[in-house]
Amino acid sequence: MKPRLIIYLTLGFPDNEFVEDFVQNIPDGIIDGFELGLPSSDPRYDGPKIRSTHGERNHFSQDHMGRVLQTCSDRKIRVNLLSYYSDIENEGGKNLQMLAGLSAHEMIVPDLLIDYAEVADAFISSLKASGISLIPFFNAATPDKVIKKYVNETDSWIYYGLQPSTGINVPVNIPEVVERAKSVIHERDIIFGFGIRNGGDAAEIIRAGGHGIAIGSAIVDDLAKHDERAAILKISEYREAIDSAV
Amino acid sequence: MKPRLIIYLTLGFPDNEFVEDFVQNIPDGIIDGFELGLPSSDPRYDGPKIRSTHGERNHFSQDHMGRVLQTCSDRKIRVNLLSYYSDIENEGGKNLQMLAGLSAHEMIVPDLLIDYAEVADAFISSLKASGISLIPFFNAATPDKVIKKYVNETDSWIYYGLQPSTGINVPVNIPEVVERAKSVIHERDIIFGFGIRNGGDAAEIIRAGGHGIAIGSAIVDDLAKHDERAAILKISEYREAIDSAV
Amino acid sequence: MYQSREKEILPEYWYNVVPDLPEQLSPPKDSKKDTSSIDMLNRILPKKLLEQEFSFKRREKIPEEVMELYHQIGRPTPLVRAINLEKKLGYSGKIYFKYEGATVTGSHKINTALPQAFYAANEGVQEVVTETGAGQWGTATALAASLNGMRSKVFMVRTSFNQKPLRKQIMEIYGAKVVPSPSIETEFGRKTLAERADHPGTLGIAISEAVEYALDKGFKYLLGSVMNSVITHQSIIGLETARQLEIEGEEADVMIGCVGGGSNFSGFVFPFISGKAEMIASTAEEVPKFTHGKFGYDYIDTAGLLPQLKMFSLGAGFVPPGIYAGGLRYHGAAPALSMLVHSGRIKAEDVGENEVLAAMRLFAGTQGIIPAPESGHAIASAIRYAKRDPQSRKNIIINVSGHGLLDLSIFSRGEK
Amino acid sequence: MYQSREKEILPEYWYNVVPDLPEQLSPPKDSKKDTSSIDMLNRILPKKLLEQEFSFKRREKIPEEVMELYHQIGRPTPLVRAINLEKKLGYSGKIYFKYEGATVTGSHKINTALPQAFYAANEGVQEVVTETGAGQWGTATALAASLNGMRSKVFMVRTSFNQKPLRKQIMEIYGAKVVPSPSIETEFGRKTLAERADHPGTLGIAISEAVEYALDKGFKYLLGSVMNSVITHQSIIGLETARQLEIEGEEADVMIGCVGGGSNFSGFVFPFISGKAEMIASTAEEVPKFTHGKFGYDYIDTAGLLPQLKMFSLGAGFVPPGIYAGGLRYHGAAPALSMLVHSGRIKAEDVGENEVLAAMRLFAGTQGIIPAPESGHAIASAIRYAKRDPQSRKNIIINVSGHGLLDLSIFSRGEK
Ligand SMILES: Cc1ncc(COP(=O)(O)O)c(C=O)c1O
Ligand SMILES: Cc1ncc(COP(=O)(O)O)c(C=O)c1O
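Residue numbers (the numbering used here), protein chains in the order written: chain A, 4 to 249; chain B, 4 to 249; chain C, 5 to 420; chain D, 5 to 420.
In isolation and in its complexed conformation, chain A is listed as follows (with noise of 0.2 Å):
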């Protein structure tokens, strides 16, 4: 199998314009989807590159993630939403509504089945009737209950994290952190992400037996400077670094 590589951004950085020209631009192929993050007042599992990218909520709005999604939908570039369950909660199941209409069908909800474990199953129902899938998130420091737990619930791929959060680089031994995932979690795909610092991180991941990898961090600062080639060029060297691991 081809191992999957995908993109996140988010939404509204460094501007609606370019993120937009971006999604439309991307070279057909290179990546297998999108994760678009909904910017958060509290993005804290995030490290500080990360964080910098959430800036002032009143960058995004509703028409610029509608614009993103179709374009996507157009490209047949598959797509994932990223948002906080705190943000959700705070807008009162609002987003919810809103995304129930899009072409996205799966979601991240990084600090679901953590701080919110109590409300983790009623909101996957509510997600499930809205037609959206729960992309679990979990990480080394997820218990092997609670993984079998929701790998059960759900139905889409697994975004497991390598680092506790993004931004953080402590040292990791990826072919054990792949190997434990694939020990708990059966027959469904494992995209990794978070702390992957390069080329060699990404193929040690594929070789592990990893279906795939995610990528944020490392494109941040070309976004900020919107230098779109960069981020591209980056991008490319990943994909050359994951097909050639296979």
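Some clues are possibly wrong.
What the hints assert, rightly or not - A few chain D residues that don't get close to chain B, going by computed Cβ distances all over 10 Å: (1) Leu25; (2) Lys33; (3) Lys52; (4) Glu68; (5) Gly179; (6) Leu197; (7) Ala198; (8) Gly279.
To be verified - In silico lysine to any residue, SDA-like type, Cα no more than 25 Å apart, as pairs: (9) C:Lys91 - D:Met71; (10) C:Lys51 - A:Ile177; (11) D:Lys52 - B:Gly203; (12) C:Lys168 - C:Pro184; (13) D:Lys36 - B:Asp90; (14) D:Lys65 - B:Asn201; (15) C:Lys33 - A:Asp77; (16) D:Lys52 - B:Lys131; (17) A:Lys52 - C:Pro67; (18) D:Lys92 - D:Arg388; (19) C:Lys52 - A:Arg200; (20) B:Lys151 - D:Gly348; (21) C:Lys221 - A:Pro174; (22) B:Lys131 - D:Glu27; (23) D:Lys51 - B:Asn201.
If you are wondering where the hints come from, they were derived from the structure by calculation, not from laboratory data.
For each residue, glycine too, the CB sits at the ideal point set by N, CA and C.
With the hints as your guide, set chains B, C and D with the ligands onto chain A.
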């Protein structure tokens, strides 16, 4: 076998006359022998009772000893002598020459194997040359090797101390002491002495397998009082105790 | 140590409870907007330690060299049936205690100091630095550094430094440089002293000085409690206990330990977490973190240099009274332990000074061991438990985290 | 303690060397003309102890109750391969140490305090009394009394009493009444104080007070060293060592210990006496009993209440300097040990303070243990031995008779 009863007397105590009468008057058959101590200026392995009988050395005379030995010889009472090696050494073997001419052919030298081990072999030879056997004196503190060596080098009976020295009355487990002695000393009679406090102790020794007992401190008070009758009565009681223990 | 057959008791792997928790642990939180206090750990912690801190492998192989050091410093430690204590209490069940005071430095702290120092030495570090309050952690660090051929530096809370000359002395014998904190060796220390020249010091200040010093000099900083990796290392206590109970043919019905940062208690009970044993965490009445603290994010250190953790805390600014049990004065408790107390799996209770001193005397007179005052809390809680139902046949297992030979002075104050 | 399998190491019998000596031991000698100081022992010593003192059975069964107490206080103690020390010294052979500091009272003294107290309690005694110099023996006695349900009283040499408050404290925690000696509680004490009100005390005076007090009140007196029975009890050290070496598959080539009264050393080496191991007794340069003492009869105590023994002695009136190693200040040495030193079977050497302190530091930094200053002599002698021939492949076995946690102050004087 009839158990043996040996009575210790210090020559010249309480005075020459008393001792000479005593060996003359003791009824036939109640004892198996006398052990005659040569008064010592330093009877250091004796307790206060026996120490008091040594008193001043000038109580003692060779003539006195000769008379006592003669009486015993006449009465067919077996006799052995006891002398500290420190005295023998001081007197440059004078006693030894004297003893050679007498009818006492056995001798105990309590400090020989302890404080004079380095000259013991030579001394035993010179005793032999004078026709005298050493009665090895052992006790609980005598190492196995030492016991074996001197059992080999001698041929008389064995004197085995219950207490580390006379006049000490520390608690003693009589069966254990006798058992130990018999486990190291084979095919030789073992007479137990030092600290036999009463008929009960005496009987216990015989019951445990001892071949006889030696009594000393027990009659010192009677001797001091010149009370021959009381001493003989006490001796008879020991006789009875050991005889009935068989 | 000690016997080749004791290798049956000493495990080959540490145990990390995280994969077996009922819920997921909240990650540490960066306290600052633009820099990462978590990333900063890369500069002060040994790489391998940091990896352990965040990898949460259920089984973490104990390096062979550390294994050898564990043997040398007295592992496995004994599990002792406290027969005399049982008799004295008239308790019908059995009371066992795991005795961490049997290590050469006198407490469980060496269990984590050794691997931390080993990892640091392995990375070519020449000197390690840490802080100490009561002195047990500084002692363990000093020896661990010496055994791994490194220098060590200990920032010791000034009041302790003055009150516990023996602690200072033992650290120096092990080769450590001990400085009273606040000191003039760090900016933070100088600032603090400028504000108050006779500042008595706090653990928070000492941590800040140690971290600053490590950052400044490129040395590594060793941590004594609270962190996941520390608790993983301390699992050796519970793993040994499990094997020792197995050998005895017994099961743990009730497990009791004391909680400062939570390392000895967690290390003791976590290997039993999937079983049915009742677990009681004993804390100081004067520092009632579980009974009066809040469960939420708070700072590890007072200066806020280190990340925030989700834990029970009385507030990083909490100023504890100068109690007899210096090791229990910490404001918070390890995240996994906090979660399990929060969920009710682990019970918590507070014990006061007089009850603890009486328990220590009783233990000394019956078992011969002068426990550390910290461990005295565990013993006091166990005595409470046994007295509540003397007819019970439950096996009570106590963790006696250290001996109190260098803390004897506490017997001169308080109850006689 | 600790593990059921450790029962393989703990022997069932004590060993008395006397039946295996090359020559016969000279009996104790009464010092007085008309009374027997040996008989007097009947009044102050437990009956069973006195029986042991003079029965010299090669194997003496350890009572079951004492066995249980031995387990409780930490027996068997560990035999540790001193790998770090070997490395530091560049020694090609192996160095092991038997660690008596692992007992709960911190030294070998508890090995004999327990049976003595047990025998006393068995005879219905309510209180035991003893003296202590450095404090280790008093500590052991205090705990042994407490464990056997008796009160205890300790006459502590006044200088120690003042210099070692921790020692006093630990004895009191164990329930002992500690009085500085000379005291006003005995006639001998009052007499001594009348002559000199600020008398610093000596071990001799303290023994005399304890004996007088025991005679007066009908209590029993416990002895800490020198006597045969004490050495028999201490044989548990060597017997365990023998089994531990067997388990390790090793033999003892050189055995080294320190000598005060001779109990730890004798207990350590006597079970090996019939073998080929080289044996070295290490004494303090300031108390050179073997190298400068006389082999002959001398008093056990200064006042001459107890019998004379044939031993190496510097004279019962010898006034030792107030050295760092209080336990080595005794003027004599046990008779069996003295005989074996006299015969050449056991070698003796003196070590001075600076060498000992350096050895203690080296040991602490490599093995993590702060040894008792007494034990420091054994370690210093072992280091000398290893340095003399680093290429040797001999197994050196050291007896580390106690820990020095309550003696840390000695490091502040002398060499830095
Ligand atoms: C002997 C002892 N026990 C317990 C503690 C408390 O720490 P923790 O809860 O991390 O085990 C300390 C801390 O200094 C200690 O020294
Ligand atoms: C730790 C320690 N070692 C050794 C000794 C010396 O005594 P002994 O020679 O009887 O073992 C003492 C005596 O107090 C001691 O406390």
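Hints, one by one, checked against the model:
Non-interface status of Leu25 (chain D) relative to chain B is broken: a Cβ of that chain comes within 10 Å, the nearest being about 5 Å off. Against chain B, the non-interface label of Lys33 (chain D) is violated: not every CB pair exceeds 10 Å, the least being about 6 Å. Chain B draws Lys52 (chain D) into its interface by the beta-carbon criterion, the shortest separation being 7 Å against a cut-off of 10 Å. The claim that Glu68 (chain D) lies off the interface holds: its Cβ sits roughly 18 Å from the closest Cβ of chain B, which is beyond the 10 Å cut-off.
At roughly 29 Å, the least C-beta separation between Gly179 (chain D) and chain B is larger than 10 Å, which holds for a residue marked as non-interface. Its beta-carbon lying about 32 Å from the closest one in chain B, Leu197 (chain D) satisfies the requirement of being farther than 10 Å from that chain. The beta carbon of Ala198 (chain D) sits about 31 Å from the closest Cβ of chain B, which is more than 10 Å, so the claim that it is off the interface holds. Residue-level check passed: Gly279 (chain D) sits 15 Å from the nearest beta carbon of chain B, beyond 10 Å.
Using a Cα cut-off of 25 Å, the hinted pair Lys91 (chain C) and Met71 (chain D) holds, with the two alpha carbons roughly 17 Å apart. At most 25 Å may separate the alpha-carbon atoms for a hinted pair to count; Lys51 (chain C) and Ile177 (chain A) meet this at roughly 14 Å. For the suggested pair Lys52 (chain D) and Gly203 (chain B), the alpha carbons sit about 20 Å apart, so the restraint of at most 25 Å is met. Simply put, Lys168 (chain C) and Pro184 (chain C) have alpha-carbon atoms about 11 Å apart, close enough for the 25 Å limit, and the pair holds.
A hinted pair counts as satisfied when its Cα atoms are at most 25 Å apart, and Lys36 (chain D) with Asp90 (chain B) qualifies at roughly 20 Å. Distance restraint check for Lys65 (chain D) and Asn201 (chain B): the Cα-Cα separation of roughly 28 Å exceeds the 25 Å cut-off, and the hinted pair is therefore not satisfied. For the hint pairing Lys33 (chain C) with Asp77 (chain A), the CA-to-CA distance comes to about 39 Å; that exceeds 25 Å, so the pair is violated. Between Lys52 (chain D) and Lys131 (chain B), the direct Cα distance comes to roughly 42 Å. Violation of the 25 Å bound is thereby established for this hinted pair.
Between Lys52 (chain A) and Pro67 (chain C), the direct Cα distance comes to roughly 35 Å. Violation of the 25 Å bound is thereby established for this hinted pair. This hinted pair checks out: Lys92 (chain D) and Arg388 (chain D) have alpha carbons roughly 13 Å apart, not beyond 25 Å. With a CA separation close to 18 Å, the supplied pair Lys52 (chain C) and Arg200 (chain A) stays within the 25 Å bound. Proposed proximity of Lys151 (chain B) and Gly348 (chain D) is supported: the alpha carbons are some 23 Å apart, at most 25 Å.
Of the pairs offered as hints, the one joining Lys221 (chain C) and Pro174 (chain A) holds, with about 21 Å between alpha carbons and a cut-off of 25 Å not exceeded. Among the hinted pairs, Lys131 (chain B) with Glu27 (chain D) is consistent with the structure: their alpha-carbon atoms are about 23 Å apart, no more than 25 Å. Distance hint between Lys51 (chain D) and Asn201 (chain B) is fulfilled; the C-alpha atoms sit about 19 Å from each other, no more than 25 Å.
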